Each structure stands twice: as structure tokens, then as C-alpha cells.
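> Each chain, letter by letter, is given below.
4 protein chains.
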Amino acid sequence: MKMNKLLVEKNSGSDIKIKIGNKILGEKEKIVFSGPCAVENYENMKDIAVKLKKIGVHALRGGAFKPRTSPYDFQGLEKQGLEILKSVGKETGMIVSTEIMDTRDVEYALDYIDIIQIGSRNMYNYSLLKEVGRTKAPIILKRGMSASIKEWVYAAEYIMREGNENVILCERGIRTFETYTRNTLDLNAVAYIKEKYRLPVIVDPSHGTGLRELVHSMSLAGIMAGADGLIIESHINPEEAISDSRQTINMESMEKILKNVKILEKII
Amino acid sequence: MKMNKLLVEKNSGSDIKIKIGNKILGEKEKIVFSGPCAVENYENMKDIAVKLKKIGVHALRGGAFKPRTSPYDFQGLEKQGLEILKSVGKETGMIVSTEIMDTRDVEYALDYIDIIQIGSRNMYNYSLLKEVGRTKAPIILKRGMSASIKEWVYAAEYIMREGNENVILCERGIRTFETYTRNTLDLNAVAYIKEKYRLPVIVDPSHGTGLRELVHSMSLAGIMAGADGLIIESHINPEEAISDSRQTINMESMEKILKNVKILEKII
Amino acid sequence: MKMNKLLVEKNSGSDIKIKIGNKILGEKEKIVFSGPCAVENYENMKDIAVKLKKIGVHALRGGAFKPRTSPYDFQGLEKQGLEILKSVGKETGMIVSTEIMDTRDVEYALDYIDIIQIGSRNMYNYSLLKEVGRTKAPIILKRGMSASIKEWVYAAEYIMREGNENVILCERGIRTFETYTRNTLDLNAVAYIKEKYRLPVIVDPSHGTGLRELVHSMSLAGIMAGADGLIIESHINPEEAISDSRQTINMESMEKILKNVKILEKII
Amino acid sequence: MKMNKLLVEKNSGSDIKIKIGNKILGEKEKIVFSGPCAVENYENMKDIAVKLKKIGVHALRGGAFKPRTSPYDFQGLEKQGLEILKSVGKETGMIVSTEIMDTRDVEYALDYIDIIQIGSRNMYNYSLLKEVGRTKAPIILKRGMSASIKEWVYAAEYIMREGNENVILCERGIRTFETYTRNTLDLNAVAYIKEKYRLPVIVDPSHGTGLRELVHSMSLAGIMAGADGLIIESHINPEEAISDSRQTINMESMEKILKNVKILEKII
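Chains as they are written, first to last, in the working numbering: chain A, 1 to 268; chain B, 1 to 268; chain C, 1 to 268; chain D, 1 to 268.
Honestly, the hints are just simulated from the structure, not real lab data.
Where hints are given, some of them may not hold.
It does not matter which identical chain is meant; a pair holds if it fits inside one copy or across any two.
[What the hints assert, rightly or not] When the alpha-carbon atoms are kept at most 35 Å apart in a straight line, the in silico DSBU-like pairs for lysine-lysine are as follows: (1) 194 to 54; (2) 51 to 23; (3) 54 to 266; (4) 53 to 28; (5) 46 to 130; (6) 5 to 79; (7) 17 to 51; (8) 90 to 194; (9) 10 to 46; (10) 28 to 194; (11) 19 to 266; (12) 259 to 19.
Note that the coordinates shown come from a computational prediction; the quantities given were computed from them, not determined experimentally.
If we strip away everything but chain A, and leave its shape as in the complex, we get:
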């Protein structure tokens, strides 16, 4: 382990702020990313985006390449998904973000999307981290489902070391023995990162709980733990979402969260 200070540590410079469209992540205003788990088709994506923009969501998410446990499950629309995201992003004027899983897709993906997500299952994919480190795009680095905070910030260091300091850490829940919730959202890690490191951190209460009825509470808890933003799975008809339905919330719930986040912003 390098004994000198890491780029990710507080004493290596001022806290990093990242431009997300016309907003800045890492400042007083909390930035909210939202969208369906997977890009299903153009119409849904467009409808969802229009509604989300209207209620104040800052950036759109949607999976084009889906990392599924089983090779027989829907793998995502892939390139077509990127095309849909690009169109919808343009038409609504929203920043779009999606997960990229393969080093060979990094370069051309940036012709379609603005922000690259490194999924939880790829946090240790060091080849991929180095590859996105050579771009200039903001990178949402999801914590590995059983990654220690140490491994997580070192993963960020892999990216930053290549020249890209626009790393957004994302706490999305860790794997534990508990079975009532899909993962255990580790807000300690959010508070710890705000104390010790320079990077902004957002919270994903969707994967973090796996239950839509807990998303509101845990979004607000995440903000109070120190999160700079949230990334939440939403859909016009959650019950019909092609994946992650159980944790996806509807537009009304999204609107309530945004409203309450604004209230918390004022008092923080």
C-alpha cells in the first residue's frame, strides 16, 4: 500500500465538485438521479424522463447493459438502449447515465451518454476502472456489495490516478445475513466518507433496501448521513417494470422525496 497520501484523501486537495448538467454535485443542493432499472423501450423511457424532469430530477438513469445473475435473464437492450438514452436525453435536455460493463464499450458509450456507472459487481474490475479513468466523464462508482470502505476508495484511486477526478461514490447497500431487505444500506460509510475523503457520495436507497416502502425514509436518512445526492429507481408503473420492480417507486413517491429533500437542504 502506498504510504503517501492518496488522491482520494482530504489532505490531497479540496473537496471535489462535479458538474452534472447545470448543477454541481458536492455543494449545498442535493443532486437526484432517477429512472427505471432497465431501458425497456423508447416510449417508456421518454414518458418517464419527461415526468422526472418535471418534478425536478436532475439526471436520468436507465440500464442498457444489465448485469444479471443468470445468463438467461434479460441482459438489456445494449447498444439500442444507448441509442434510446441518447435520444431521450437530447429531447428532454437531461443528463443521462448508464452502466458500462466492458472495457471495449467505454469509448463509444460516451457518444451516447454523459455519465458512466461502474456497477457494484464491477467495482474490482481494475481494467475497467483504468479505462474509465482515461476519459473525462463523471463516473458513478458503486460500492462492491461486499467491498470494504478501504477497497472502495482505492478503487476510486485507480480511476483518479489515470487522470479523471470526477468520481462519484455511490453507497448501494452491502451484503449481510439479513434477508428481509435485499441489501443493508450502510449509511455509516456515507458519514465516514464525508469525514475522511474528498469525493462526493450519493445514496441508492433502491438496491439499498430492495423494498419500495422503505425508499422514502432511507432517502432522507441518507441525506442526513451526509449524502450529496440520491440515485433512485422509478417508473410510471413500477409493477410492470421489467426488472427490480419490488424496489421501484412511482412518480408520486419520487415527487414526495424531492420535496422533502428540499426541506432538509434548507435546514442542513
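Mind docking chains B, C and D on chain A? Use the hints.
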């Protein structure tokens, strides 16, 4: 498993509210318990209690019987600790709470204290749960460090079934692979319990993080996750606390937490 | 933590050997404990004991006091269970072992049984550990389901410090994220204990796997990891066992295990 | 999830046996892979290979691309490492195996090595799994450090579905709360796989324990749990190994393991 509804489930009755001195736990006002990890001596306990009462803490905690990993470590002042708690409680007019570890101590302990804590390591001590279920005192039931929510609420059911419905669930962090924090505070569990069960739930951000610099953030996060109260280790000189020093906060920090909890209460 | 050597450490004396009937646990011959999860009634217990003795099992186990997650589940025959164990033990000339959960039961229990088990859920019940430490009986100390090796051997130290060095450590699986097996049998811990500590260690492949089809393999793996013995749940009709049926094996399987353990003994 | 049978399940065909040089993995004879954690230089690799071949090791391992937590730690000799492995493999007539981390390296790597390892941190790298599935080489698929058995066999399914059935599952320990050992070797998983699936499974007692003094016991325990082989880190001078020194064993210890594995083979 019993197929009928459990006493602890929401459809078994209205949400349970518990009298803590002249306050009610389970209503809008968040109840705060605080005090040192261990009762060290009369003077410290008295000074701490006086200060805590002054800043608005509702009930005093302090360990008389300490469950230590090693038999060679300070086991607590035991009976003398109970005596100190009783005196200090009387002199300051504060409700006092302490952990009881042995079935044989339950009955006489209530001559000294008002609230019995079942520690994390004793959540599965069914003999002890049945014993405290036969009293009328409020019982703080700390979640086992690796107990599932299911096991935890069934442990509460052991107590309630004996006739004592005054069970206060306490989330104090679970054991995970993470080593930067002492435990992983599982606020999902707090939100889940508020959704599905009748019992009030409080959060212990002290054991839950193990780091005093995270106690403030995680206290507020806990409140937003839905907690009815907090239980926090505090001391006049945390550095000198005989145990759990690293996670113990000082009076100034306690005051700040209480102030911010009040602010959150208003907006909730 | 005490800086001097612990009683449980190798440099505090020679390896501890414990008399189990006319056998010695801790020597070349592996000692096998077996019996049903719960003492169900006299006839079953007697039949099982007779068969087990015949195939070479050294000591009988059976639960009289069952630590159940739910208070509505069968709690065991309790005192009546002790009476059955005593009778059957006498009639078959077998050593009997059962779990005791309450400090108040320790003394009289020894009028009925020879060996006291401290269950996984009570490994941190320090009052109980001290109490059994004041007896002379062999104590099977099951590892807490999420107890570190350190906490486990310190729990043994609690017992030894009171004067009773007859502590048998029992690895019975730890709680992890894996759901296909009930627990994760941690044989590393068995090998580690044989390297560093003085106490004998046995393996429970029944709770350790939760699946009867894995009990044979894991028994033999446990022996090769260094275990001094095994403790296995068996029944004449496993499908009809009142608890833990899924992991209970029949007499034929027990016989096969004993036979293969003997073979391994020769080559070790 | 696909409801039909998976290629990896027993009812999809007979158990899969894989050619490793002139040996068959999956039959009575246990196959042993060994070598240093990292390819350090040509001389060491050559010396180690010569000695390992002499004592009966079947295939050589050595890391050319090292997945390090920190980007500042030795990343491996990379392409030069592959060249060394190829030379040494040829000169000693040994099968060589190394980890490949990037989809772009898969094709050319097979000009240098015989077997590709997918490391624990890349078990969820579905792009990489599909890529190696399109080759004909044997693939050692290490279990993710917190991957469930289900996710693990589905990862194997990703590879097999592309046409490559030569998948060797490797249990290398899972991440748990225990800190005395580096990982917790989950031999239950080995026994479970032999019961339910068609693929051969080998055990890595080096990463699985992290302590060289436990490697012998856990190797033999792994064989009794049902493993078809072992993969062990060894070095002429473990203390001087550039990485993983603490778990690396010397040639004398390797010889002892091979000898005892042969003995176990006879009695199984």
C-alpha cells in the same frame, strides 16, 4: 412458527407507546437516553447526569454489569453500580436504565433502576427474556449483533407474551465484514420496523459506528429513518472513559445533537 | 485485554484432555456424540440410544431445553427431558449431554446429566459461563453463530478461570450471506484452534450445514481439519424428528460415518 | 431465472471431466496446481516449477496480471509474465495457468498459457465470462468473495452457455466477520457442488485461510469434503514472495501435502 398474528405485529393492536418519566416514547417527541458506557464512580455519574439533564436528555444510561469479551476486563461495579444509578436518578429526577445480564438479578434490580436493557449479546437469552417479561418495567431490547429482524421481533414476542408489552427495540449496528466502523448501523431495520411492527424503536449510533465523529450524522440519519429516540454514550471527558472511549462523545456534542433532533422533529 | 497468557493458550500448559465416560477426548481416538435434536419421549430416546451405542457412538445428546426463535415453538420437555436423559443414560451406560440455558438450572441439571452444553445463542451469556465454570462437569462450548475465534476462546477463558478446565470447543457453523446451507461450517477455526490453543475441539456438521446429505462429507472434512470429535444429530426416523429434521441423519448414515472416522484415525 | 435445467446441473448430463495435461480432473486422482502468487522473474519461476514438477504437482500457477486493492501496489509483470510462464511451461513440460482480467487479453493469452483463471474479484464480470466461454481452454472460475453458491454456478453457466464446458469451480474462501483468518474457506460449498452439479471443484487453502500453518490441514479437509483438486501458493522462499507471503508455503510443505493427498486418495 405460530401462524396467527404475533403480538408484535401491527394488526395485533395499535402502536405501543411507553411512558419514560413524564414523556411518551412512540409519539412525535423523540426521546433521548444518554450516559457513560460504564458507571465508573458516584461523582462522575452525578456530574454527567446533571449536565445531561440540563441539556434536555430524557433518561440516563450507564452500565453496572458490563458484558466484556475478556473475563479480565472491568466487569462493572455491579451492585454498587446499581446503587449509584439509584442515587443519581433520585437526586436528578432522571429515569435510569441499565443492562441486566442474569435472570437472578432481574427482580431486585427494579429496586434500583427504572428500565432494564437486554444487551446485544443476550438477545437470544430466552430465559432472561421470559424473566423480564414477567415484570412491568420498560425493556430496551438491543438487537443481537447478527440477529435477523425476524429473530429480533420474535425475541420481543418472548417478552410480550409473558405480559410485558413495554418493549423498546434498539438498533445498535450489526456485525459485517467492514472494519473501519465497529458495527454497521442498519437503519433499513428501523424503517422496516416502523412499517411492519407496533413497537417503538430507538437507535444507538455509538455502538452502531464505534467512532465519535460519526455519532452526530448517524443520530440524525436514524431520526429520519423513523427512530422514536436515540441512546448515546456520553461523558464529560470521553478520552478518560473507562470503556468505549473511542465512540463516546462530550457534552457539547450531545447538546448539538439534541438541538438538531428538535429541528428535525418540527419538520417531520 | 489481559496481556499475560490466557489459560486457554498453548503456553499455559499441556493440551487439555477430557474424560468422556471411559474415553479421553483430545487423544488419537475421535469421540463421537450423537442423538436427536430434541428429547421427544422416552421410547424414542431409548431406541435411539440403544442403536447409537451399538454402532459405537460414545456419548448421547438430546435437547431438553430448546432455544427456539419463536416462543410458540416447542420449547423442549424441560425437566421431564432431563429425567428421560438420566434414565436412558443409566440404562444404556452412556454419557449424556444436554444444553442448559439458565443459570438457575445449572446445579440441579448435574443430578441428571454428565455434560453441559452451552448453546451458540448463549456463548456470550457470561453469567451462565461463570456458573458452569464453578462446576466440574465437561462443558461443550458452542461457538456463537457470529462469534469471532477471539471471542470464543475468551468465552472459554471465562469458564476456565472459575476453575473448570474441562471445556470442549464446538464449531457448529457461522452465520454468513449464503442461503443454500443453514450455516457455514468454519473448519479454518478448527485448524486454527488446534494450532494455537489447548482445548479440544469438536465439529457439529448438522447445524454446520443444515442438510443431511452433506453431513458425511463434512464430518470427515472436520476430522482432517483437526477435530478431536464430532457431534451429530441422528434419529431412527429423521423425517419424523420434531425439530431440525432436514439436517438429521439416520442410523445407517451414522454407522457409515463412524466406520470412516475409524479409517481416518488410522492414517492420521 | 430460467426454469429449465441449467447446463451446470447434474441432470443435464454426466459429470464433466477436464483434461489437464495428461491427467483428468474429476476422476479418482486429485489434481494439484501450485506456484507463487505472482510471477516475479524468470529464475524464480523456473526453479519453483522444476521443484514442483519433481514432487508431483500437476500444473503451474503464477500471476501475471495481479488484481491489487491499491493501484500503487505491484500489478504484475503482465505480458512479460505471460512470456515467462510460456517459457517455463515449455521447458518443464508443465501445464500453466494464470489469471486474465481484461476481455481484450483473452485471445492472445492463450498463445502463452493453457488455463485461464477468472479471479474472485471478476466472478461477476459477465463480459469476461462470455469471452472465455468462447474459447476452448479450461477455465478456473474462482468463487466471488461474497458470492452465493447460486451466483457462482450461474456464473459458470454464462461460460458454458457460450460453448465452453471446461469450467473448474474453485472455492477460495468467503468474506465473513472473522479476522484471524483472511477468508473463511467454505467447504460446505464443495460438498454441495459435488452433490448437485456436474462441474469439478478445486480448493484454494492459501487464500482460503491466509495462514501458511493452516494450509496442510485445510488441503486435506478440502479433499475429504469432496474436492477434485487443490490450488496452493508455494515458493522456494515464502518469506521473500513479493505478495501473499503469509499464506505461501515452501517446497517441503508442498511435498508433505502431495504425499498425504495420495494417501487419502487410496482410502476414498
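> Hint compliance check: list the failing hint numbers for this structure, sorted ascending.
Of the numbered hints, just 9 does not hold.
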